[in-house]
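Undergrad: Sequence:
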Amino acid sequence: MERILELLPKIEPGEYVRMLHRMEPVPLYAVVAEMGFIYKLYLDGDAPYEIIIYKKGDVLAQDRVDSFI
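Just so we're aligned: the sequence shown equals residues 235 to 303 in our numbering.
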C-alpha cells in the first residue's frame with residue numbers, strides 16, 4: 235500500500251496506476267478517495283484483484299481505463 239501511495243502524487247494527466255493484489259485492499263480505498271483519486275476494482279475468478287487508480291476528473295485516464303477493460 236505504501237508504494238501505491240508514493241506513486242499517486244507523481245502521476246501525470248492521462249496516466250493511471252494498475253495493481254494486482256491477492257486480496258482486496260479495502261484500507262486503500264478511503265485513503266485514495268481522500269487524496270482525490272478514483273479506483274476501479276476488477277476480479278476475474280478468485281484472484282488476483284485488479285485495481286486501477288486515476289485522478290478524479292482526469293477524463294483522458296478514465297477513457298484509457300475504460301477502453302481496455
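By construction, these hints were calculated from the structure, which means they are not laboratory data.
Each hint should be verified, as a subset may be incorrect.
Computed spacing ranges between beta-carbons, pair by pair [as the list claims (entries may be wrong)]:
| hint | residue 1 | residue 2 | range |
| --- | --- | --- | --- |
| 1 | Gly270 | Arg298 | 17 to 23 Å |
| 2 | Lys244 | Gly279 | 17 to 23 Å |
| 3 | Gly248 | Leu275 | 32 to 38 Å |
| 4 | Tyr263 | Asp297 | 33 to 39 Å |
| 5 | Pro247 | Glu284 | 20 to 26 Å |
| 6 | Pro247 | Asp280 | 20 to 26 Å |
| 7 | Asp280 | Pro243 | 19 to 25 Å |
| 8 | Val293 | Arg256 | 29 to 35 Å |
| 9 | Pro261 | Val293 | 15 to 21 Å |
Below 25 Å or equal to it, Euclidean Cα-Cα: the simulated SDA-like pairs (lysine to any residue) are [what the hints assert, rightly or not]:
| hint | residue 1 | residue 2 |
| --- | --- | --- |
| 10 | Lys289 | Met235 |
| 11 | Lys290 | Asp280 |
| 12 | Lys244 | Ser301 |
| 13 | Lys289 | Val251 |
| 14 | Lys244 | Gly279 |
| 15 | Lys244 | Asp280 |
| 16 | Lys274 | Glu249 |
| 17 | Lys274 | Pro261 |
| 18 | Lys289 | Glu246 |
| 19 | Lys274 | Tyr263 |
| 20 | Lys244 | Val299 |
| 21 | Lys244 | Ala264 |
| 22 | Lys274 | Asp297 |
For clarity, every value in this text was computed on a predicted model and none was experimentally measured.
Heads up, the beta-carbon is just placed ideally off N, CA and C, and yes, glycines get one too.
Undergrad: Take the hints in turn and mark each one as holding or not.
TA: Going down the list of hints, with the structure as the test:
As the Cβ distance of glycine 270 to arginine 298 is approximately 18 Å, the hint placing it in 17 to 23 Å holds. For the pair lysine 244 and glycine 279, the supplied restraint of 17 to 23 Å is violated, since their beta-carbon distance comes to about 31 Å. Roughly 21 Å separates the CB atoms of glycine 248 and leucine 275, a value that falls outside the hinted 32 to 38 Å. For tyrosine 263 and aspartate 297, the Cβ-Cβ distance of about 22 Å falls outside the hinted range of 33 to 39 Å, so the restraint is violated.
Hint check: proline 247 to glutamate 284, Cβ distance near 22 Å, so the stated range 20 to 26 Å holds. Taking the beta carbon of each, proline 247 and aspartate 280 are about 35 Å apart, not inside 20 to 26 Å as hinted. For the pair aspartate 280 and proline 243, the beta carbons lie near 32 Å from each other, so the given range of 19 to 25 Å is not met. For the pair valine 293 and arginine 256, the beta carbons lie near 31 Å from each other, so the given range of 29 to 35 Å is met.
Our hint of 15 to 21 Å for proline 261 and valine 293 is violated, since their Cβ atoms are close to 28 Å apart. Among the hinted pairs, lysine 289 with methionine 235 is consistent with the structure: their alpha-carbon atoms are about 17 Å apart, no more than 25 Å. Proximity of lysine 290 to aspartate 280 is assessed by CA-CA distance (about 28 Å); at most 25 Å being required, the pair is judged violated. As the CA atoms of lysine 244 and serine 301 are separated by approximately 23 Å, the hinted pair is consistent with the 25 Å bound.
Taking the CA atoms of lysine 289 and valine 251, the gap is about 10 Å. The hint holds against a cut of 25 Å. Taken as a hint, the lysine 244 and glycine 279 pair is broken in the structure, with Cα atoms around 31 Å apart against an allowance of 25 Å. Only pairs whose Cα atoms come within 25 Å are accepted, and lysine 244 paired with aspartate 280 is rejected, the gap being roughly 31 Å. Restraint check for lysine 274 and glutamate 249: the C-alpha separation of about 14 Å stays at or below 25 Å, so the hint holds.
Our distance criterion of 25 Å between C-alpha atoms is met by lysine 274 and proline 261, whose separation comes to about 14 Å. Taking the CA atoms of lysine 289 and glutamate 246, the gap is near 9 Å; set against the 25 Å cutoff, the hint holds. Distance hint between lysine 274 and tyrosine 263 is fulfilled; the C-alpha atoms sit about 10 Å from each other, no more than 25 Å. Pair hint lysine 244 plus valine 299 holds up; C-alpha atoms about 18 Å apart against a cutoff of 25 Å.
This hinted pair checks out: lysine 244 and alanine 264 have alpha carbons roughly 19 Å apart, not beyond 25 Å. Of the supplied pair hints, the one linking lysine 274 and aspartate 297 holds, its CA atoms being roughly 13 Å apart against a limit of 25 Å.
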